[in-house]
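Peer 1: Okay, here's what each chain looks like letter by letter:
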Amino acid sequence: MEGKAVNYELRLYVAGKTVKSVAALANLQKYCEEHLKGQYVIEVIDLLVQPQLAEGDQIFAIPTLVRKVPEPIRKIIGDLSNEEKVLVGLNIRPR
Amino acid sequence: MRRNKTSCTMTNFHKQQHSFIQLPKTPTGITGLDEITGGGLPKGRPSLICGEAGCGKTLMSLEFIIRGATQFNEPGVFMAFEEKAEELTQNVASLGFDLNKLQHDKLVKLDHVHIDRSEIEETGEYDLEGLFIRMGYAIDSIGAKRVVLDTLENLFSGLSDTAILRAELRRLFNFLKEKGVTAIITGEKGEGGSLTRQGLEEYVSDCVILLDHRVINQISTRRLRVVKYRGSQHGTNEYPFLIDEEGISVLPVTSLKLEKEVSSSRVSSGIPALDDMLGGKGFFKGSSVLVSGTAGTGKTSIAAYFANETCNGGKKCLYFAFEESPKQIVRNMKSINVDLQKHIDKGVLQFFASRPTLYGLEMHLVAMYKLIHKFKPDAVVLDPITNLITVGSVSEVKSMLVRLIDFLQEMQITVMFTALSLNTIVSEQTDEGVSSLVDAWLLVRDIEYNGERNRGMYIMKSRGMKHSNQVREFIITDKGLDLVEVYLGPEGVLTGSAREAQKLQEKTGVALRDFAVSRKDKEIMRKRKMLESKISSLQAEFESAEEELNKIYLEEQLKQEIVERNRAEMTNMRKGSIDAENKIRSKK
Chain A
5 MEGKAVNYEL RLYVAGKTVK SVAALANLQK YCEEHLKGQY VIEVIDLLVQ PQLAEGDQIF
65 AIPTLVRKVP EPIRKIIGDL SNEEKVLVGL NIRPR
Chain B
660 MRRNKTSCTM TNFHKQQHSF IQLPKTPTGI TGLDEITGGG LPKGRPSLIC GEAGCGKTLM
720 SLEFIIRGAT QFNEPGVFMA FEEKAEELTQ NVASLGFDLN KLQHDKLVKL DHVHIDRSEI
780 EETGEYDLEG LFIRMGYAID SIGAKRVVLD TLENLFSGLS DTAILRAELR RLFNFLKEKG
840 VTAIITGEKG EGGSLTRQGL EEYVSDCVIL LDHRVINQIS TRRLRVVKYR GSQHGTNEYP
900 FLIDEEGISV LPVTSLKLEK EVSSSRVSSG IPALDDMLGG KGFFKGSSVL VSGTAGTGKT
960 SIAAYFANET CNGGKKCLYF AFEESPKQIV RNMKSINVDL QKHIDKGVLQ FFASRPTLYG
1020 LEMHLVAMYK LIHKFKPDAV VLDPITNLIT VGSVSEVKSM LVRLIDFLQE MQITVMFTAL
1080 SLNTIVSEQT DEGVSSLVDA WLLVRDIEYN GERNRGMYIM KSRGMKHSNQ VREFIITDKG
1140 LDLVEVYLGP EGVLTGSARE AQKLQEKTGV ALRDFAVSRK DKEIMRKRKM LESKISSLQA
1200 EFESAEEELN KIYLEEQLKQ EIVERNRAEM TNMRKGSIDA ENKIRSKK
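Those protein sequence lines, which keep their order, are chains A and B. Convert by adding 4 to the 1-based position in the first sequence; the result is the number in the working numbering. Convert by adding 659 to the 1-based position in the second sequence; the result is the number in the working numbering.
So here's chain A without its partners, still in its complex pose (with noise of 0.2 Å):
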């Protein structure tokens, strides 16, 4: 597969320990291993402690997962509870 070569950097804007981020994240974690294994950084940023950083990465809805690397950047939001949807989102698999 062509993505193995490619670094993925993730970025996960929670807002405090909601049950939805929580889970947004426990969902990343686990489609990383799965697919991404030793070849992606996630950096989750909380809003409550960091809101300046909402702005600069158009952040209006939590959780949200941003793909700062490969560009174009993605945005996925929500929990991240379709795997799928995830997957093809992150180009990961091909739609």
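Hints in this document: simulated from the structure, not taken from any laboratory. Glycine is no exception: its CB is placed at the ideal position from the N, C-alpha and C atoms. Some hints could be false.
[Said to hold, decoys possible] Subject to a maximum C-alpha distance of 30 Å in a straight line, what follows is the list of computed DSS-like cross-link-like pairs (lysine-lysine):
hint	chain 1	residue 1	chain 2	residue 2
1	B	Lys-887	B	Lys-944
2	B	Lys-1057	B	Lys-1125
3	B	Lys-940	B	Lys-1125
4	B	Lys-1210	B	Lys-1162
5	B	Lys-986	B	Lys-1001
6	B	Lys-684	B	Lys-986
7	A	Lys-21	B	Lys-836
8	A	Lys-21	B	Lys-838
9	B	Lys-743	A	Lys-72
[Unchecked claim] Pulled from the structure, derived: some chain B residues nowhere near chain A, Cβ distances all over 10 Å:
hint	residue
10	Asp-757
11	Gly-783
12	Lys-848
Dock chain B against chain A, hints included.
Peer 2: Frame of chain A, contents of chain B only:
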């Protein structure tokens, strides 16, 4: 029981009247809007501004933020869901607002919320906490008192889960209220009767303002209406508003009351003879004067004279020209010995020329309001109002003029309208139906007689003053305007050369009569002289006769004296000194 209740509510009512506390309001700073809403938008609550695309929602809300920051020292956050911050900055730069500086001074914060469906994938549950945090951060970072969300409905096009959105919207409005900010939410007008596409009006219940952009007869007019304003009185009409280089101006163009101050001081019309017809003093200050007449009867000249007179008195005059350009008027008026240019140079006269079709009637009104407010004239001339009919129906023109007159009277500004009456219409018919509104109505009319056309002026009405009921001939010469009394002779009313001819004829008659009279006078003089000489000769005769008589009388007396003396001496000689006593006695 019932009665009790009523009396109770009555007292409550009175109490409320006494201790009536106005709903706290946040002034928008937008010209006119604060008047309509009785002070501004509800403080600390969200208001909705809705309307079609391009009706000025964004500008109005942005002006709210900018005015707040610059005039009321209330920093504001503008969250744009549509336009980018740079675009907004550019857009309002043309209105003289420097958003970059305001942002730098931490008075305004622009935040562009970019929502692109193609970039976003939705999976599972989410909420808009991110937006809240972002907003809260923006508000806290500059201590904002005002917030605008423009256009919130873009969320709906970016996100598919409307159920979540709706729930979040409700939370959003609560959030805004909790923050204590006065907020404006804009929304696109929806299909049918709904105010917004997504029914935002359900959430914003305090104040809803509807903007409208209507094209009638190819002329577009922007209008504003306060649909609802909970807990406050507000103007319910549609008010036109104007976007120009100074931002938005809304005009509450109908005053509901007829409680204007009136002045009994007079202003001259500039034509002494006309003033004479108006009780010798001219128009009332703050009154409205209509000059109507057929084409070429000198309406503009009368108006220019009035403007000239106003300026000569050191007062300011604003001249709205709907037909001729200012330069044209200045040139033309020079031909009747009126120099308007010097007043323009001095700054007491200002022309404002616009084609009636430039914008709709309401816009004309708005533009006039603005100019009048800015220039603060003592007199206003509208020349001619009939041209306005090209942009509206008679009734519309009338309603506009009613409001204009209303406004001018309130400002104590004397206004002169000119109106062209067409020959096909009976000229006594009211021009634009305003003759009932005006205080004085001058009618200039053609009088055709004897192969020439002359102008006659009537005063159709002049409220509150004695005025002449006579028709005068109105003449325009190189020296200016004048009114001449028409000749009322046995052959009827004569004007122009017929009048002159009649006058000449009269002059001849007078000369002849004068001649006859002087001849008779001379004859009398001669006779008198003759008689006088006769009298003097008789007098002389009488004097000589009298002298003769006197002479005789004196001689007689003298003779007698001498005789007596002689006799006495004789006696003395005879009697000696004994008769000395007698002598003395006789001497005595």
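Peer 1: Each of the hints needs a verdict: does it hold here or not?
Peer 2: Going through the hints against the structure:
Of the pairs offered as hints, the one joining B:Lys-887 and B:Lys-944 is violated, with about 40 Å between alpha carbons and a cut-off of 30 Å exceeded. Restraint check for B:Lys-1057 and B:Lys-1125: the C-alpha separation of about 27 Å stays at or below 30 Å, so the hint holds. Taken as a hint, the B:Lys-940 and B:Lys-1125 pair is honoured in the structure, with Cα atoms around 10 Å apart against an allowance of 30 Å. A threshold of 30 Å between alpha carbons decides the hint, and for B:Lys-1210 with B:Lys-1162 the separation of about 71 Å lies outside it, so the pair is violated.
Restraint check for B:Lys-986 and B:Lys-1001: satisfied, since their Cα atoms lie roughly 13 Å apart, inside the 30 Å limit. The straight-line distance between the Cα atoms of B:Lys-684 and B:Lys-986 is roughly 47 Å, outside the 30 Å bound, and the hint therefore fails. Straight-line distance between C-alpha atoms of A:Lys-21 and B:Lys-836 comes to about 25 Å, which keeps the hinted pair within the 30 Å bound. The suggested pairing of A:Lys-21 with B:Lys-838 holds, with an alpha-carbon distance near 23 Å, which does not exceed 30 Å.
For the hint linking B:Lys-743 to A:Lys-72, the alpha-carbon distance of about 22 Å falls within 30 Å, and the restraint holds. Against chain A, the non-interface label of B:Asp-757 holds: every CB pair exceeds 10 Å, the least being about 22 Å. Under the 10 Å C-beta cut-off, the non-interface status given to B:Gly-783 relative to chain A is violated; the minimum distance is some 4 Å. No beta-carbon of chain A comes within 10 Å of the beta-carbon of B:Lys-848; the shortest separation is about 24 Å.
The structure does not agree with the numbered hints 1, 4, 6 and 11 stated previously, though it agrees with the rest.
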